[in-house]
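Q: These protein sequences, in sequence, are chains A and B. The UniProt record's numbering puts the first residue of the first sequence at 1, with every later residue one more than the last. The UniProt record's numbering puts the first residue of the second sequence at 1, with every later residue one more than the last.
Hints are all accurate, no fakes.
Heads up, simulated DSSO-like pairs for lysine-lysine below, C-alpha to C-alpha not over 27 angstroms straight-line: (1) 159/B / 225/A; (2) 225/A / 95/B; (3) 182/B / 95/B; (4) 311/B / 31/B; (5) 225/A / 156/B; (6) 182/B / 156/B; (7) 44/B / 150/B; (8) 95/B / 12/B; (9) 182/B / 225/A; (10) 182/B / 12/B; (11) 44/B / 12/B; (12) 44/B / 182/B.
Covered by chain A, according to a simulated footprint, are these stretches of chain B (three or more residues, beta-carbon under 8 angstroms): (13) 103-110; (14) 122-134.
Hint data in this document are derived by calculation from the structure and do not stem from the laboratory. Using N, Cα and C, we set each Cβ at its ideal position, and we do this for glycine too.
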Amino acid sequence: MFLFGFKRLLQGVVTVWFIATATFFAMHNVPGDPLLNERAGSEAIKANLESKYGLDQPLSTQYFIYLRNLSRGDFGISFTQENREVNDIIREHFPVSAILGILAIVFAATGGVLFGALTALYRNRLPDYIIMILVILGISVPSFVIAAMSQLMLVGINNMAGSTILPVAGWGTILHMLVPALVLGLGTMAYLTRLMRSSMLEIIGSDYIRTAKSKGVPPPRIFAKHQLRNAILPVVTVLGPSIAAITTGGFVVELVFAIPGLGRYFVQAVQQLDYTVIMGTTVFYGAFLVFMVILVDILYGFIDPRVRLEK
Amino acid sequence: MRGQKKSRIGSKLLEVRNLEVEFDTYGGIVKAVRGVDFSVDSGKTLAIVGESGCGKSVTVQSMMGLIPMPPGRITSGSALLRGQEVLGDTIIEGKEIRGAEIGMIFQDPMTSLNPTMTIGNQIAEPLQIHRGYSYRQAFNEAINLLDMSKIPEAAKRAKQYPFEFSGGMLQRAMIAMAISCKPSILVADEPTTALDVTIQAQILDLMRDLQSQTGMAIILITHDLGVVARMADEVAVMYAGKIIEHGTVEDVFYRSAHPYTLGLRAAMPTNDPANQHQLNPIEGSPPDLFSPPPGCGYCARCPWAMSICHKSHPEDYYLNSGHYSRCWLHHNDSKIKPNQLSFSEEVRG
Numbered sequence: 001m002f003l004f005g006f007k008r009l010l011q012g013v014v015t016v017w018f019i020a021t022a023t024f025f026a027m028h029n030v031p032g033d034p035l036l037n038e039r040a041g042s043e044a045i046k047a048n049l050e051s052k053y054g055l056d057q058p059l060s061t062q063y064f065i066y067l068r069n070l071s072r073g074d075f076g077i078s079f080t081q082e083n084r085e086v087n088d089i090i091r092e093h094f095p096v097s098a099i100l101g102i103l104a105i106v107f108a109a110t111g112g113v114l115f116g117a118l119t120a121l122y123r124n125r126l127p128d129y130i131i132m133i134l135v136i137l138g139i140s141v142p143s144f145v146i147a148a149m150s151q152l153m154l155v156g157i158n159n160m161a162g163s164t165i166l167p168v169a170g171w172g173t174i175l176h177m178l179v180p181a182l183v184l185g186l187g188t189m190a191y192l193t194r195l196m197r198s199s200m201l202e203i204i205g206s207d208y209i210r211t212a213k214s215k216g217v218p219p220p221r222i223f224a225k226h227q228l229r230n231a232i233l234p235v236v237t238v239l240g241p242s243i244a245a246i247t248t249g250g251f252v253v254e255l256v257f258a259i260p261g262l263g264r265y266f267v268q269a270v271q272q273l274d275y276t277v278i279m280g281t282t283v284f285y286g287a288f289l290v291f292m293v294i295l296v297d298i299l300y301g302f303i304d305p306r307v308r309l310e311k
Numbered sequence: 001m002r003g004q005k006k007s008r009i010g011s012k013l014l015e016v017r018n019l020e021v022e023f024d025t026y027g028g029i030v031k032a033v034r035g036v037d038f039s040v041d042s043g044k045t046l047a048i049v050g051e052s053g054c055g056k057s058v059t060v061q062s063m064m065g066l067i068p069m070p071p072g073r074i075t076s077g078s079a080l081l082r083g084q085e086v087l088g089d090t091i092i093e094g095k096e097i098r099g100a101e102i103g104m105i106f107q108d109p110m111t112s113l114n115p116t117m118t119i120g121n122q123i124a125e126p127l128q129i130h131r132g133y134s135y136r137q138a139f140n141e142a143i144n145l146l147d148m149s150k151i152p153e154a155a156k157r158a159k160q161y162p163f164e165f166s167g168g169m170l171q172r173a174m175i176a177m178a179i180s181c182k183p184s185i186l187v188a189d190e191p192t193t194a195l196d197v198t199i200q201a202q203i204l205d206l207m208r209d210l211q212s213q214t215g216m217a218i219i220l221i222t223h224d225l226g227v228v229a230r231m232a233d234e235v236a237v238m239y240a241g242k243i244i245e246h247g248t249v250e251d252v253f254y255r256s257a258h259p260y261t262l263g264l265r266a267a268m269p270t271n272d273p274a275n276q277h278q279l280n281p282i283e284g285s286p287p288d289l290f291s292p293p294p295g296c297g298y299c300a301r302c303p304w305a306m307s308i309c310h311k312s313h314p315e316d317y318y319l320n321s322g323h324y325s326r327c328w329l330h331h332n333d334s335k336i337k338p339n340q341l342s343f344s345e346e347v348r349g
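Full structure from sequences and hints, please.
A: Okay, here's the thing in structure tokens:
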């Protein structure tokens, strides 16, 4: 198990290096120059940047400087915001995105597993039909539509109640987080519901469930001890990429609900060609996702004994 | 006729009478079991034989409440365990039928055990449910049961998962699980079909040993006549959802009274060098159970079929108190008797 974790970690480091390299060369092939842009900062910033990054030097030298800085955890200084380190931006705004993302994943995973199991147990009956219609809606309606509509609904609820039950936008308390997290997790929840349903249907018809029935195991115990753990395996597999989709896809929801997350800076940086911020946030997101996928892999080992013993 | 038979059988451990099961499918209603009667005594083994799709498994699974309903449906019949009805009921006399009164093992041990649960926990589960054992007690008993099933290093093996076991070992573990609550009947649904021949013999020996230790009855479903000869006291031959011949293993093997049984025997290889003969397959395939024939299900493949065979189904003809055959050839008006025929000559002729 320890060896397995170590191996995955090593693979993760290589993956992050690959992401960093791809980002670096992609950025240098983007047309335009942030220092000539009219939105770029003063002469002072320009001079500082040129000396710090050696922008007049050959690409290979720049690449090694970039890698050296990266290995020290230094993402550099923003091109557009004077004296603002990329690390500061990440440190300040990433926790917000992370909390929102984790909450969304918790919603998505618990909702997906529960609704998926429910639809499978009530296959071709009313609860199945209702949930599956909602699932199709959840998958096909884009998140900005759902975000705006849920805001509208919140306004309506608050008006009816006469006081603010749930804030419409902003950040600060747990109440601010609930609705955005739900909206953010909805698409993934719908996807996981479908996945869980099909996996659960397969398990229900399997030989070992028949064995459990022949032993006289009562249905609730069959569900908890035999069906759930086996049916959840494919859901856990896609949980890694799902975390990716949710944390990086959060900027739309962050924008609509006015949440000071990292996603907004990421989009802003792309619009302003802020090289260091783009590269820094991309590499950071990449590393975060790789780490999450490794975590999911290790978690998978705990659920499925067959993976655990693989050397 | 039925009343007569009941009195002959007397009071048995398990008596199944006139069981009928059908399934709704997109193609229509499949009448999988069309009136099956049999009984088993404690300490005895009943073998149910027949080719694939003739209703063997459905018969026992409907007794255990294992057929999915819908689409399955038990349309008539009864199964009395010590005189108590078990069809549609899962508890009799405060005891659960499944697991506690009837234990069951299946054809493919590789897929019949939960892959994410240790063997020991799976064996311990019925003890916790039916006997109210604590987890510790049940797990220790599971180790004893594995030991009884001749699995070496039982304590270590109990902590392992199914993927760490071989097929034969898994079937032993399945048996340990099925007998954990000392059931009065062990139902074995083709228990050796998925195993290789040397392992088959070991599993059958194990089942027989356990039977002599516990006095349980065994209902053995198989299409392997070699397994029947080795294990069974009584044999019920099924065809197209009906039992067409029933009797002691000697009666059915040496005094076969139904053309289908004769056909099965002619299709069976022998290792007796003095008695080498060519294997004679039974031509054709079983009838479509969407619309079962009004007469005998076998008449389309039977070399002795008469006109009445196509029209109405034969009664039970008793050759002795426990041996009956459902074949018109036994009727007084029939000119030929199946027990006077040499099967291969007739087919060749």
